[in-house]
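Trainee: What follows is each chain in one-letter form.
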Amino acid sequence: MPPDYVDPAPIALLEDARKHDQVWAEIAPRYGVTAADPPWKTSLSATCECLAAGGALASLDRRHAEDQLARSIYRDVSAPERQLLALAHTMLRRGLLGEDDLARRMQAVRTRLQAS
Amino acid sequence: MIEEITDFEVLEIAVRELAIEKGLFTAEDHRKFTEWAETIGPAGGSRLVAKAWIDPAFKARALTDGVAACKEIGIDWLEPTGTGTPSDYTEFRILEDTPELHHVIVCTLCSCYPRPLLGMSPEWYRSPNYRRRLVRWPRQVLAEFGLVLPPEVEVRVEDSNQKCRFMVMPVRPPGTDGWTEEQLAEIVTRDCMIGVALPRADRKADDVRPVQKARRPVGHAEARVGTD
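Taken in sequence, the protein lines are chains A and B.
Residue numbers in the first sequence follow the numbering used here, run continuously in steps of one, and reach 116 at the last position.
Residue numbers in the second sequence follow the numbering used here, run continuously in steps of one, and reach 1228 at the last position.
By construction, these hints were calculated from the structure, which means they are not laboratory data.
You may find that some hints are simply not true.
Just a sample of chain A residues kept apart from chain B, beta carbon distances all over 10 Å, derived [stated by the list, open to error]:
#, residue
1, D4
2, V6
3, A9
4, A52
5, A56
6, P80
7, R105
Restraint-style ranges between C-beta atoms, simulated for each label pair [unchecked claim]:
#, chain 1, residue 1, chain 2, residue 2, range
8, A, D101, B, G1074, 21 to 27 Å
9, B, K1071, A, P10, 43 to 49 Å
10, A, G95, B, E1144, 37 to 43 Å
11, B, G1041, A, R94, 29 to 35 Å
12, B, E1072, A, G95, 44 to 50 Å
13, A, K19, B, N1161, 33 to 39 Å
14, A, A28, B, E1182, 29 to 35 Å
15, A, L113, B, A1043, 29 to 35 Å
Note that CB positions come from ideal geometry on N, CA and C, so glycine has one too.
Given the sequences, and given the hints that come with them, work out the whole structure.
Mentor: If you want it as structure tokens, here you go:
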């Protein structure tokens, strides 16, 4: 059995984020959008690179954790949402982000996007 | 135009903003990497292979020094920072196929990929399914991609890592005599440069990978009773 790279126990905030299943693969066809990836995918890739560049989260560690989470709690989530959840999960478990901070920020971002 | 704000869109922004505020990286660096990610794609790889097919001297240079050959066609492995990206170490080797030897690339540990030449890796390339099985049963996995090679053709799997990237230079297919570099580039698709497909004169696009829904999916049984 390979070692755990990250504690796979579900995180309430992320379980909340995924429960509506607003994955690109499902919603894009509803709007007739044919782009294969959501618009935030390149930004997610950049976040991963930057975390590695700054030393906060090395790429191999991040990918090992992602593989572990992708075969366990996020196995039902399609890509790239699975990669995003795995990243957030790993950052929370490692203390790079706080769950309360993230919850507050998500609320603020949502309010901001809804206003514009 | 997608009119709903998804939880994932919100999560991505929130993670990024908090990371910047905590000093994990700067907004400027993030912008640079995002722009870079948006510019890369397989067109560079296609041009390199097409040029090598037409110009034997360029081909020889490309096989000797992959990074320098990329520079000749306008692809700089040192972008976007001047020293490359953390995920793309600047060692790049081009693997020449022959009628007797077929290469295919993988990264068993994670998903290292020649991104400056091919763009972002496809999801299947990142999956443990591909990564674990290709090195053990390459012919079987290639057959799942529709590529069946005769036994007399040697299959060589090249495992990429953070220190070295690879790309396949396939054999120029028949029926392409007298073609221009542009015409040749059109048939050198991403999958051909990974090694899971062969270029053909009549093939300008990679096959769409079908998603087969499991009949008895693990994990769905309780949540979605009564559906496929």
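Trainee: All hints, please: hold or fail.
Mentor: Evaluation of the provided hints:
With 10 Å as the threshold on Cβ separation, the claim that D4/A sits away from chain B holds: the shortest Cβ distance comes to roughly 16 Å. Every beta carbon of chain B lies more than 10 Å from that of V6/A, the smallest distance being close to 15 Å; the non-interface claim holds. Taking the minimum C-beta to C-beta distance to chain B, about 16 Å, the non-interface status of A9/A holds against the 10 Å cut. At roughly 4 Å from the closest C-beta of chain B, the C-beta of A52/A falls inside 10 Å, breaking its exclusion from the interface.
Against the 10 Å criterion, A56/A falls within the reach of chain B, whose nearest CB is about 4 Å from its own CB. Not every Cβ of chain B is farther than 10 Å from the Cβ of P80/A; the closest lies at roughly 8 Å, contradicting the non-interface assignment. With a minimum CB-CB distance of about 4 Å to chain B, R105/A fails to clear the 10 Å threshold, and the non-interface call is violated. In this structure, D101/A and G1074/B break the distance hint of 21 to 27 Å, their C-beta atoms being roughly 42 Å apart.
Look at K1071/B against P10/A: about 47 Å separates their beta carbons, and that is inside 43 to 49 Å. For G95/A and E1144/B, the hinted distance range of 37 to 43 Å is satisfied, since their beta carbons lie about 41 Å from each other. Against the hinted window of 29 to 35 Å, the Cβ-Cβ separation of G1041/B and R94/A comes to about 32 Å, which satisfies the hint. Remark: the range hint 44 to 50 Å for E1072/B to G95/A is upheld by a beta-carbon distance near 46 Å.
About 37 Å separates the C-beta atoms of K19/A and N1161/B, a value consistent with the hinted range of 33 to 39 Å. Separated by about 31 Å at the C-beta atoms, A28/A and E1182/B satisfy the suggested range of 29 to 35 Å. One distance hint, 29 to 35 Å for the beta-carbon pair L113/A and A1043/B, holds here, with the actual separation near 33 Å.
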